[in-house]
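Visitor: As you go down the protein sequences, you meet chains A and B in turn.
With this note's numbering, the residue at position 481 of the first sequence is 481, and numbering never jumps.
One gets this note's numbering by counting positions in the second sequence from 1 and adding 1000 to each.
It should be emphasised that the hints constitute simulated quantities derived from the structure, not laboratory data.
Just so you know, not all the hints are guaranteed correct.
In the EDC-like style, the derived pairs of lysine to aspartate or glutamate whose C-alpha atoms are separated by at most 20 Å in a straight line are [stated by the list, open to error]: (1) B:Lys1350 <-> A:Asp573; (2) B:Lys1080 <-> B:Glu1358; (3) A:Lys197 <-> A:Glu150; (4) A:Lys455 <-> B:Glu1358; (5) A:Lys471 <-> A:Asp531; (6) A:Lys6 <-> A:Glu69.
Non-contacting residues of chain B with respect to chain A, defined by C-beta distances greater than 12 Å in every case (computed) [claimed, not checked]: (7) Leu1018; (8) Ala1173; (9) Arg1201; (10) Thr1202; (11) Phe1314; (12) Ala1362; (13) Asn1420; (14) Arg1423.
To give an idea of the interface, some chain A residues facing chain B are shown, with a C-beta separation under 7 Å as derived from the structure [stated by the list, open to error]: (15) Arg423; (16) Asn438; (17) Gly450; (18) Val456; (19) Ala459.
Note that this is a predicted model, so its numbers are computed, not measured.
Here a beta-carbon is modelled for each residue, glycine too, at the ideal position from N, C-alpha and C.
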Amino acid sequence: MSTLLKVEQLVTEIGGARVVDGVSFTVATGETYALLGESGCGKSMTALSLMRLLPDGGRIASGIVRLGESDVRALPEREMRSVRGGRMAMIFQEPMLALNPVMKVGEQIVEALALHRGLSGQPAREAARALLDAVGVADPVRRLDSYPFELSGGLRQRMMIAMALAGEPELLIADEPTTALDVTIQAQVLDVLRRLKGERGMGMLLITHDLGVVAENADRVGVMYAGELIEEGSRADFFAAPQHPYSRMLFRALPRAGDSGRLVTIPGQVPKLTEPLHGCRFAARCPHAAPRCRQESPGWQALGGQRVRCHFAGQLGDAVPQAAGEAVTSQLTQPAADLLRADTLEVHFPIRRGLFQRTVGRVRAVDGVSFTIPAGRTLALVGESGCGKTTVGKALLRLVEPTAGTVQLDNETLGERNLARLRRQAQMVFQDPFSSLNPRMRVADILLEGMDALKVGEATQRRAAVARLLKQVGLPDDAGGRYPHAFSGGQRQRIAIARALAVAPRLVICDEPTSALDVSVQAQILNLLKDLQAELGLAYLFITHNLAVVEYLAHEVAVMYLGRIVEMGPAADILRTPRHPYTQALIAAVPRLDGRGGQQARLAGDQPSPLDPPSGCHFHPRCPHASETCRRVYPRASTLAGNHVVSCHLLTPS
Amino acid sequence: MSAIQPVILWTDALVFALVAGVTGLVLYIRRHEHLRAPWAGVARQPMAMGSALVLAVFVVIGLLDSLHYRERLPDSPPDKPQYSVEVLSAFDALVGPLRTQQEKTYSAPLAMHLYAKEFVDHDGVVVREYPRLKYGGAHLESAAAHWADIVRRVLLGSVQGLAIALLLVGVLAAWQARRSRQSYGEWLTVFGTGRLGWPGRTLATMLALIAIAIAVLLHLAAGYHVLGTDKVGQDVLYISLKSIRTGLVIGTLTTLVTLPLAVVLGIAAGYFRGWVDDVIQYVYTVLNSIPGVLLIAAAVLIVQVYIESNPELFDTAAARADIRLLALCLIMGMTSWTGLARLLRGESLKLSTLDYVEAARAFGVSHSRILGRHIFPNVFHLVLIAIVLDFSGLVLAEAVLSYVGVGVDPSMYSWGNMINGARLELAREPVVWWQLGAAFAFMFTLVLAANLFADGVRDAFDPRLGGRR
């Protein structure tokens, strides 16, 4: 294999910050090099530097970037334009933003073909069709004439890949190509990328924060931290024995199967790149840091096939820092009393058309969902985006009015009358910590809002309650006087949790509370949620698409597909021995750290629209086991051993 | 027994209510860090602060001109005082002779003679010539000393203005140095190198320019009509300065009418949706499709008829003109709230789906509290940007309306009336240009300063420009 891309001592500055600081690596032909790191570590800036597409105010200060024989930094802009998309192509994270919404996708691909291969007219259309074939788009001729809004997220990302391939690039840069996609779709797209790389012998630079994606796709791995590359090695070596303390802690922060203890968190925060940095950038957060680390920046140390920037390379042994304290979860042995019971809950949104706003159809977002949450336990609601899981959460709190069904709290049916009671008992934590806090209110006022509205406690004691809440979620005492913008994403999520806890609820509905956070921060929030459950006896409805988190936190799991629960039961049962084909596919699609995923058959196609669900079993168009019965009749729920409920004809005794 | 009787016109009351409101708002903002931060951003921009200083001069003149009173008639009995029908203002008292020194008809800026030939009786011999002005250049013996006198006054004014500016800056510097606990020299060095953190040099320069302009004007106005006189011989400089109040009143009071309508209706439409949204949208769509000028003309005519049929309600001509000005503000406000309301509707629509609003609803927080604590504070920057941007548009609109004849009362001093009066004289040979020129220059300065300031405010407040976060 020959060296395709060679980057040496690349330094990129934006404003006064060195966002990329002395990064060197090489990518060989036919190789996938993964740049791994948390948000803000400079991995995307590295990619943009290679393409010379830095945002305003950014410039490459020094370093060498060679693509084959040419020096990318020395090329005049005219030639650089033919290199971009020609020899070096890029796929972005959000395909909706990267495609022009008013042009048909076919035209956009033909445009790239005309630019880089000089094709036009019928040959160009043929070539575009061939490209769509290559990226595995079904019915490519029809798809060429679609607009981006008519395509699902997975298809859009395939279109982006087809466009990137139009110039027959030698190097493909994929910047978080699947972060915006569901796991089943992510698996499909990663399959396409892997296959194309093999067929075309491209080099690939894969930028991601997801260790699982790296494990399944990369040949070599580079870990970035605070603008620097701190560890590099082959995939096998890296996953067998990560060397840098930071890499090790990343592994430990991941929730994993069968491990119900505490997760390792990385204390502190990434240093600000605008300030002058001395010594090892990780020293302030490193459990092994010695005085030398704070003064002297470590150089590269070779360890077999790996290299690492750490003073203690190879001396740390295999001992990965253990979390302080043992498992604190109080596994309830006896079944607790049911706190909340939802019975055939239904949320249909009417679609109105025409002059008189006649109802012409209904979006069945939630279509007859029943479950119970015992006090002090966690029910995880799992499913792909658009399956209605968030709507279930909002319908329970009456933020969305359910169209049918009942919700009982402590055996009392909830209606308009006892809404205030519900709001004392159940609260919600939202996904995006940036939009869930009013930027113009002080943290103390945010926490007081619920107490004031629901008249919790004495007015005079509420200030004291705020201080107690802040302490409970691990925020500094003076946090109350500050505004949300002064806090990081993880801290904001703590504030949101404190807000929910302010009215002392017994049930907290957590809507993807960690999906916007980095792995190390996610670990802190998950630990916090678990501690709070043990301490306060909270019940959680945990809405998520992340199965690893489910395993760590949940007692029971309900899997939703297109507005209905298809499988429900104890967490261990469902995750070990899933019975519904959809659950099986969902679990198989999760990238695994041992890189042994990807063998199972992938789930084909996308989730259908809840506006017009398929007849019979909703899952049958994607199900490998579908029979004639599945196409006609929706399966009844059948109860298996150990409270495990599945709605599938395969399991119904006929 | 006082020699004057204060007169509070409707617009005066509203203007001072507005001043009180703004002062209150400033005090409130000073105590809230997140509100203060963007204003600190405005204060760091040289262009915005320079224009703010110019605006401040206009505002001071406008406020002085809003303190109205009537003088006691000299021959009225002490036990039953009678007051003049002429309503004067503190500004009139300040500029004194500018108001009273009236010539016969047109005269050019800084002239000694009238603009038209007349028959003049020289010791019994009637000669047709340009007669000397009654006041302009009356102190001069002959025309030979005319230009030398002007140059002398300009120089003297410049020197005095500069001296006053230096003195002012010196005192301010001493105060600032004391505040920041630096020695006087140190502070001046920081000031000189422009590292103050606020645009001190720009402000000092603007201050000097304004001081010089005022001093030169004072010196010239003492002997001449600086901007000439109009058809009835009134000083154009005086008319232009009196017009400032009209422009400011139109620009600010109209927004007082606009704001409640736009804010309440816009936010209500965006937050409540459903039929509330439908009704409000229909109202502003209908209002928008009626030509604004037509509505304004109709409303002004109605008010005019009302005033003429109820003369007993208004004891002075000023009160009559004032009520018409107020009516104009009202009707312009009624027609111009739709744009801002639409903007606020869209923003509230977006905000009401945000998680923090959902969280508040999950606590059962009442609608009024959600609107007051979550929605309004987060659209306030839009309101503010709209106010400052609309201001200059309204000042210009007044000029256009007065020109068309549906604006303020013809007896009221306003730039629109000045332009209207100058219209016919533009056809004259030689042309009478100074009336139009003066109105243009004053309006241009005010609108340019307001626009530059608005740009600064928008830059600091608009989150899309990255001023915050």
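Visitor: Quick one: which hint numbers does this structure break? Sort them smallest to largest.
Guide: 1, 2, 3, 12, 18, 19
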